[in-house]
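Just so you know, the sequences run in chain order U and S. Numbering-wise, my numbering comes out as the position in the first sequence, counting from 1, plus 4. Numbering-wise, my numbering comes out as the position in the second sequence, counting from 1, plus 255.
Hints should not be assumed to be uniformly reliable.
To be verified - When the alpha-carbon atoms are kept at most 25 Å apart in a straight line, the in silico DMTMM-like pairs for lysine to aspartate or glutamate are as follows:
#, chain 1, residue 1, chain 2, residue 2
1, U, Lys208, S, Glu338
2, S, Lys351, U, Asp273
3, U, Lys214, S, Asp344
4, S, Lys392, U, Asp115
5, S, Lys351, U, Glu129
6, S, Lys347, U, Glu240
7, U, Lys214, S, Glu297
8, U, Lys213, S, Asp344
9, U, Lys208, S, Asp344
10, U, Lys144, S, Asp391
11, U, Lys214, S, Asp391
12, S, Lys392, S, Glu366
13, S, Lys345, U, Asp209
14, U, Lys144, S, Glu346
15, S, Lys347, U, Glu418
16, U, Lys220, S, Asp344
17, U, Lys79, U, Glu92
18, S, Lys371, U, Asp115
19, U, Lys213, S, Glu296
20, U, Lys274, S, Glu341
21, S, Lys371, U, Glu129
22, S, Lys347, U, Asp72
23, S, Lys371, U, Glu372
24, U, Lys144, S, Glu338
25, U, Lys213, S, Asp372
26, U, Lys119, S, Glu367
27, U, Lys274, S, Asp344
As the list claims (entries may be wrong) - Chain S regions said to be covered by chain U (calculated; three or more residues, Cβ under 8 Å):
#, region
28, 315-324
29, 355-365
Claimed, not checked - So, partial list: chain S residues that the calculated Cβ filter (under 8 Å) puts toward chain U:
#, residue
30, Thr328
31, Pro370
32, Lys371
In case anyone wonders, no lab produced these hints; they're calculated from the structure. All values reported here derive from a predicted model rather than from experimental measurement. Where is the CB? At the ideal position from N, CA and C, for every residue including glycine.
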Amino acid sequence: MLKCTIDGREVEFQSGQNLIEVAKKAGIEIPYFCYHPGLSIVAQCRMCTVEIEKNPKLQTACSTPASDGMVVSTKSEKAKKNQRSVMEFLLVNHPLDCPICDKAGECDLQDNSFKFGDAYMRTSEDRRTFMDLDMGPVIKKNMNRCIHCTRCIRFGAEVAGIREMVAIQRGNNTEITTIDGRPLETEYAGNYSDICPTGSLTLKDFRFKKRAWFLKKTATVCEGCSRGCNMEIQQEGGQIYRCIPRENQEINQWWMCDEGRFNYRYTMDKSRITEPKVGTPGALAQTDWGSAIQAARKAIQGKKTLLLLGSDLTQEEAILLQKFAKQTLANADVRHFGTPGVKTVADDAAADRLLKRKSKTSNLHGVEKLGISAFESIPAGTEAILVVRGGRAVLPSFGGVASVVGVGVFADSEAKALSTVLPGAAFTEKDGTIVNFQGQEQKLKRSVLPAGKSKALSEILALWTHQGAGLSSQTGSKSSAATLSEGAV
Amino acid sequence: MLVKAKKNALQNLYIVEIVKGLAITMKNMLFGKTVTIQYPEERRQYSERYRGQHYIKATNGVENCTACMLCPTVCPAECIHIEAGERPDKEKYPVKFEIDVLRCCFCGMCEEACPKDAIKLSNIYEMSQQQREAYDKGFLLEQRGNK
Numbered sequence: 005m006l007k008c009t010i011d012g013r014e015v016e017f018q019s020g021q022n023l024i025e026v027a028k029k030a031g032i033e034i035p036y037f038c039y040h041p042g043l044s045i046v047a048q049c050r051m052c053t054v055e056i057e058k059n060p061k062l063q064t065a066c067s068t069p070a071s072d073g074m075v076v077s078t079k080s081e082k083a084k085k086n087q088r089s090v091m092e093f094l095l096v097n098h099p100l101d102c103p104i105c106d107k108a109g110e111c112d113l114q115d116n117s118f119k120f121g122d123a124y125m126r127t128s129e130d131r132r133t134f135m136d137l138d139m140g141p142v143i144k145k146n147m148n149r150c151i152h153c154t155r156c157i158r159f160g161a162e163v164a165g166i167r168e169m170v171a172i173q174r175g176n177n178t179e180i181t182t183i184d185g186r187p188l189e190t191e192y193a194g195n196y197s198d199i200c201p202t203g204s205l206t207l208k209d210f211r212f213k214k215r216a217w218f219l220k221k222t223a224t225v226c227e228g229c230s231r232g233c234n235m236e237i238q239q240e241g242g243q244i245y246r247c248i249p250r251e252n253q254e255i256n257q258w259w260m261c262d263e264g265r266f267n268y269r270y271t272m273d274k275s276r277i278t279e280p281k282v283g284t285p286g287a288l289a290q291t292d293w294g295s296a297i298q299a300a301r302k303a304i305q306g307k308k309t310l311l312l313l314g315s316d317l318t319q320e321e322a323i324l325l326q327k328f329a330k331q332t333l334a335n336a337d338v339r340h341f342g343t344p345g346v347k348t349v350a351d352d353a354a355a356d357r358l359l360k361r362k363s364k365t366s367n368l369h370g371v372e373k374l375g376i377s378a379f380e381s382i383p384a385g386t387e388a389i390l391v392v393r394g395g396r397a398v399l400p401s402f403g404g405v406a407s408v409v410g411v412g413v414f415a416d417s418e419a420k421a422l423s424t425v426l427p428g429a430a431f432t433e434k435d436g437t438i439v440n441f442q443g444q445e446q447k448l449k450r451s452v453l454p455a456g457k458s459k460a461l462s463e464i465l466a467l468w469t470h471q472g473a474g475l476s477s478q479t480g481s482k483s484s485a486a487t488l489s490e491g492a493v
Numbered sequence: 256m257l258v259k260a261k262k263n264a265l266q267n268l269y270i271v272e273i274v275k276g277l278a279i280t281m282k283n284m285l286f287g288k289t290v291t292i293q294y295p296e297e298r299r300q301y302s303e304r305y306r307g308q309h310y311i312k313a314t315n316g317v318e319n320c321t322a323c324m325l326c327p328t329v330c331p332a333e334c335i336h337i338e339a340g341e342r343p344d345k346e347k348y349p350v351k352f353e354i355d356v357l358r359c360c361f362c363g364m365c366e367e368a369c370p371k372d373a374i375k376l377s378n379i380y381e382m383s384q385q386q387r388e389a390y391d392k393g394f395l396l397e398q399r400g401n402k
């Protein structure tokens with residue numbers, strides 16, 4: 005077993021690991037800016053220098069692999085002095101506009117300056133200033149705050165696969181910019197803001213909305229495609245402000261695409277229907293839950309029904325619907341729908357080189373596992389359709405069937421073909437399991453309460469069956485409600 | 256056990272005691288020092304450091320506040336509500352800056368936390384208003400007290 009000593013503690017490591025990772029495992033913090041486990045190592049910021057025994061000079065911990073018997077000191081007088089000096093150099097041109105900066109509170113430069121820097125600085129010269137060009141719809145640049153760690157340049161070239169960020173000029177005049185000042189093209193631009201250790205690259209979407217320390221965080225999974233990137237929803241008072249990726253080496257590493265990052269918006273959109281609505285297609289009127297359930301039941305009762313379930317529902321919801329169909333909707337045909345052009349698992353493939361998948365619904369692989377087959381076309385003689393979806397599955401054409409009951413998240417424009425809408429919970433508002441394309445089961449976690457009068461699917465179906473006297477001849481309403489609640493989400 | 260004090264008829268009338276008491280009252284009324292003042296004609300002198308009504312300091316007509324949200328963060332009564340925005344002459348400024356003065360406990364921590372010397376507590380102690388919406392940004396910018 006390979007062992008080295010860091011700050012007097014013996015630490016085991018695997019060969020090839022660098023000192024930052026080895027120290028992190030042992031709970032010893034080495035400050036750094038330019039190092040990122042997902043990017044190549046450039047040893048540019050010089051913040052992580054440590055003293056290694058028998059080495060005449062300080063070494064950068066990020067570029068030094070640990071070796072057997074190495075004796076490292078991260079808190080020696082020499083190392084500490086270097087950390088102080090590096091912090092002073094980095095702050096020579098930093099505007100210290102933390103009150104304005106969105107990064108404040110989660111900023112590496114701020115944290116490390118507080119922990120390792122000096123409270124006073126000796127320079128009195130003017131700081132350099134830049135005029136910033138627009139960088140497209142996702143990222144707002146503020147070059148004044150930049151410390152030239154080049155993480156963004158490396159992310160573009162190594163991960164996103166597009167060399168769009170470059171450093172121009174030299175030395176004190178170094179400027180990080182896009183080539184010819186063009187707007188960013190990558191669909192992973194949000195990650196620039198995540199990896200930036202200062203507030204140079206921040207999200208336009210989140211600009212001045214909320215300070216980082218007010219946000220409450222929930223670890224959940226993205227429902228944007230069948231990859232299921234691990235992410236964190238950050239909300240305050242029921243309002244979601246942003247989503248950021250969480251590290252998961254097997255699925256998304258450290259990254260996340262912009263589509264998934266901003267996917268939460270539809271759950272808070274004004275056009276989302278959050279009250280039960282009843283009427284005829286195109287002319288829906290708001291009503292209360294009791295009469296909406298009754299109307300929905302009337303629209304389905306005794307008719308030849310097609311139950312369409314979106315492949316953006318969780319496993320629990322899909323199982324619940326299968327049971328519901330068996331017990332309450334006699335002879336109903338159960339099919340799943342989702343992304344146009346991606347009917348079954350066989351159609352789902354990588355949509356780009358990094359993360360995106362072709363299936364734009366999260367649980368296609370899960371509902372297929374449950375033995376539900378894909379929706380092809382409306383079978384002849386269908387009199388009513390019950391369509392249940394999360395929020396991302398694209399509604400198919402209902403081909404002139406008049407009574408269509410929709411359960412789930414619908415926008416006003418999508419509800420035109422529906423005769424009854426029972427508002428359900430979006431992915432941010434429910435717990436559940438989804439299965440990604442690798443077959444990994446992951447948990448969705450509720451971060452906010454259902455919007456308006458929306459209810460969880462289990463609640464809606466319980467209402468449906470519990471008050472459904474005379475609806476089903478085979479099973480009593482009580483027993484079916486009890487069975488349904490077994491799988492309650 | 257109750258012990259009843261024995262009093263004669265004159266003592267039972269309390270006349271002597273009433274006169275004695277009135278003498279003290281009259282002495283204080285006629286020759287004593289007045290402790291009250293004729294508010295609002297007369298005003299007391301408060302300390303320079305008195306923490307009264309809030310105001311937002313402005314420099315050259317522009318509010319100092321950059322909506323950094325440190326005052327709502329530190330406020331123990333959670334009575335400061337700020338919304339940040341952007342305008343051409345200032346990268347970040349408070350679009351909305353409201354103080355729920357009824358909730359405020361006048362601890363002065365907002366003043367202490369402010370990195371921009373923007374929110375201050377003045378010497379104004381008469382804070383009654385006729386509208387609930389009174390303590391908005393415009394009002395807070397106007398109020399300066401003696402500062």
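> What hints, given by number in increasing order, does this structure fail?
Replying inline: Checked against the structure, the hints that fail are numbers 4, 5, 7, 10, 15, 16, 19, 22, 23, 27 and 29, while the rest are satisfied.
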